[in-house]
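Asks: Work out the full structure, taking the sequences as your base and the hints as a guide.
Residue numbers (my numbering), protein chains in the order written: chain A, 1 to 179; chain B, 1 to 192.
Treat the hints as calculated values from the structure; they're not laboratory data. Don't be surprised by glycine CBs; every beta carbon is placed ideally from N, CA and C. Incorrect hints may appear among the rest.
Derived Cβ-Cβ restraints for the label pairs, each shown as a range [as the list claims (entries may be wrong)]: (1) Gly-178/A x Arg-109/B: 42 to 50 Å; (2) Glu-158/A x Gly-14/B: 24 to 32 Å; (3) Glu-158/A x Thr-167/B: 30 to 38 Å; (4) Gly-14/B x Phe-141/A: 36 to 44 Å.
As a plain string of letters, each chain reads:
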Amino acid sequence: MVMNLTADLPGGQLLDSKNVAQEVVEGFFEAGFRSFTGVPCSLLKGLFRILEDASTPARYVPAPREDSALGVASGLAVAGERPVVMMQNSGLGYSLNVLTSFNLIYDVHMPLIVSWRGHGGNDAVEHDVIGRELTNLLDVFGLAWTVLDPENPRASVEACLKDHDDGRRTSVLIVREGV
Amino acid sequence: MLDIREAIHVLLSGAPSAVCVTTCGFITRDAYGAADRDGNFYLVGSMGMAAPVGLGIALARPERQVIVLDGDGSFAMNPGCLPMIAGQRPNLVHVVLDNAAHESTGGQRTSPLGDPVALALASGYTAAHAVSTLEELRGIDLTGSPALLHVRCEPRSRRPGRRVELTPQQLVARFRRGLAARPLQGEEAVRC
Numbered sequence: 001m002v003m004n005l006t007a008d009l010p011g012g013q014l015l016d017s018k019n020v021a022q023e024v025v026e027g028f029f030e031a032g033f034r035s036f037t038g039v040p041c042s043l044l045k046g047l048f049r050i051l052e053d054a055s056t057p058a059r060y061v062p063a064p065r066e067d068s069a070l071g072v073a074s075g076l077a078v079a080g081e082r083p084v085v086m087m088q089n090s091g092l093g094y095s096l097n098v099l100t101s102f103n104l105i106y107d108v109h110m111p112l113i114v115s116w117r118g119h120g121g122n123d124a125v126e127h128d129v130i131g132r133e134l135t136n137l138l139d140v141f142g143l144a145w146t147v148l149d150p151e152n153p154r155a156s157v158e159a160c161l162k163d164h165d166d167g168r169r170t171s172v173l174i175v176r177e178g179v
Numbered sequence: 001m002l003d004i005r006e007a008i009h010v011l012l013s014g015a016p017s018a019v020c021v022t023t024c025g026f027i028t029r030d031a032y033g034a035a036d037r038d039g040n041f042y043l044v045g046s047m048g049m050a051a052p053v054g055l056g057i058a059l060a061r062p063e064r065q066v067i068v069l070d071g072d073g074s075f076a077m078n079p080g081c082l083p084m085i086a087g088q089r090p091n092l093v094h095v096v097l098d099n100a101a102h103e104s105t106g107g108q109r110t111s112p113l114g115d116p117v118a119l120a121l122a123s124g125y126t127a128a129h130a131v132s133t134l135e136e137l138r139g140i141d142l143t144g145s146p147a148l149l150h151v152r153c154e155p156r157s158r159r160p161g162r163r164v165e166l167t168p169q170q171l172v173a174r175f176r177r178g179l180a181a182r183p184l185q186g187e188e189a190v191r192c
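Replies: Rendered as structure tokens:
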């Protein structure tokens, strides 16, 4: 099944050409990832707008906190689905316990879409530290990461899924520019 | 007040085709010792995540009842997941085995829980019950889902079960086989 995301989106916005968020969601969807959960970020609002649209044929479970989103996605993955977790990089802190004491030791992996607030140091002060250390933090835990290229979102999704290695690794698609 | 291992045995033997997710620490060890079966999925870490993991399994496999075994400490750690669970209408029974202590770490008292039954109902669970005797537990009607079951338990009078001997990866593989297999019937589903 191929998604049809060219219909009217909430807010009256008519998309006659595919935008970056559509390309990202479709990239995961067409690779068999049809369940999404997470906590929103302003840099990811295009993704959430698509998933909140009732006509989008994907499961979307809004979560109260990023660790609970990982928990739900972990249950889905254990039971045979292919979920994707979406979050602001501030949510990685909450997520670390689930990543280190569940996903990385049970070998139940999924792609994460993580925004990069605080990149370059020109953001609100609460994002400065996690923005500066984001990729270092991912490297510490061996999480492969790809920065989304807005000019070629499908290639970025493919790179992230290549790192995911058919479920063998947790991989991260970093969204630096808002989609 | 119930013995935790006895409560786990009664719950799982009464639901032979259900799958079960257990919170880390002594509850995982007690379930492993008292009612091990392929349909049990044991968390060895990630305290507070048994219910979200159970929700994910329930969403993927709506034909299977999911029983989540939480403790009072793990329930207190993540009450924010209750409205999320209620909103998805899963086929799930959320059990809180409450002995008012973090026994796995030495018996320290838990932070106040509030009333789990009231929390569940206010969060949108279809049903919520509290039991404090074996007779009440055996007689409970768990119609309506999701449901919460608050089980008042005694502090453990015996040592917890042994640690889970399977590796986490083996637990995943075994649980997937349990999900794929025909659910067992009656007492054959529980190896005591």
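Asks: If a hint holds in the structure, say so; if it does not, say that too.
Replies: These are the hints, each one checked on the structure:
1. Gly-178/A x Arg-109/B: 42 to 50 Å: holds (46 Å)
2. Glu-158/A x Gly-14/B: 24 to 32 Å: Hint violated: Cβ distance 48 Å, outside 24 to 32 Å.
3. Glu-158/A x Thr-167/B: 30 to 38 Å: holds (32 Å)
4. Gly-14/B x Phe-141/A: 36 to 44 Å: Between Gly-14/B and Phe-141/A, where Cβ atoms are some 41 Å apart, the hint holds.
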